[in-house]
Amino acid sequence: MFDHIGFNVGNFEKSLAFYKAVFAPLDLGVLESGEGWAMLGGYSGRLWIGAFGPPPGPIHMAFRAGSRAMVYAFYEAGLAAGGRDNGAPGIRTQYAPDYFAAFLLDPDGHNVEAVSFAPEN
Numbered sequence: 246m247f248d249h250i251g252f253n254v255g256n257f258e259k260s261l262a263f264y265k266a267v268f269a270p271l272d273l274g275v276l277e278s279g280e281g282w283a284m285l286g287g288y289s290g291r292l293w294i295g296a297f298g299p300p301p302g303p304i305h306m307a308f309r310a311g312s313r314a315m316v317y318a319f320y321e322a323g324l325a326a327g328g329r330d331n332g333a334p335g336i337r338t339q340y341a342p343d344y345f346a347a348f349l350l351d352p353d354g355h356n357v358e359a360v361s362f363a364p365e366n
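In the numbering used here, the protein residues as written are 246 to 366.
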């Protein structure tokens, strides 16, 4: 549905490092970048971050993971990159019986999620 989502960040270098870290386990990366901006993602969608104004209030973004292992890797990479825990990897039956997700807060407090509907291996 979406081609891309974009927003400003408070500290571009810190945010870029965070998103590069959490996107790597999801097989996503930096597609383009310039002075104070970067486009990250892949074929299924892109995230644009920039340092051209104040960041918005907190938003929630969910990124599809191909497996539960990818959700775990997303979560661990995000914590190592300075993200804050907002929900450890696990089943979220309140959303769907097979909704396996992890949640992190990015450097600006945005709720960043990785979700997989793949069965446990």
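Hint data in this document are derived by calculation from the structure and do not stem from the laboratory.
No residue lacks a Cβ here, since even glycine has one placed at the ideal position from N, Cα and C.
There may be inaccurate statements among the hints.
For each label pair, taking beta carbons as the anchor points, the in silico distance ranges come out as [as the list claims (entries may be wrong)]:
1) A269 / P299: 16 to 22 Å
2) K259 / P364: 24 to 30 Å
3) S312 / I250: 33 to 39 Å
4) P299 / G335: 30 to 36 Å
5) P301 / I336: 37 to 43 Å
6) L276 / G335: 27 to 33 Å
7) F297 / A341: 23 to 29 Å
8) P303 / E365: 41 to 47 Å
9) M284 / Q339: 15 to 21 Å
10) P301 / A341: 27 to 33 Å
Hints and how they fare:
1. A269 / P299: 16 to 22 Å: Given a distance of about 28 Å, which is not inside 16 to 22 Å, the answer is violated.
2. K259 / P364: 24 to 30 Å: Violated - the Cβ-Cβ distance for K259 and P364, about 36 Å, lies outside 24 to 30 Å.
3. S312 / I250: 33 to 39 Å: violated, 24 Å
4. P299 / G335: 30 to 36 Å: Once the Cβ atoms are compared, 34 Å apart, the range 30 to 36 Å for G335 and P299 holds.
5. P301 / I336: 37 to 43 Å: Since the Cβ atoms of P301 and I336 sit about 30 Å apart, the hinted range of 37 to 43 Å is violated.
6. L276 / G335: 27 to 33 Å: holds, 31 Å
7. F297 / A341: 23 to 29 Å: This hint is violated: roughly 37 Å between Cβ atoms.
8. P303 / E365: 41 to 47 Å: violated, 31 Å
9. M284 / Q339: 15 to 21 Å: The hinted range 15 to 21 Å is violated for M284 and Q339, with Cβ atoms some 33 Å apart.
10. P301 / A341: 27 to 33 Å: Given about 28 Å between the Cβ atoms, the range holds.
The structure fails to meet hints 1, 2, 3, 5, 7, 8, 9 from the earlier list, while all remaining hints are met.
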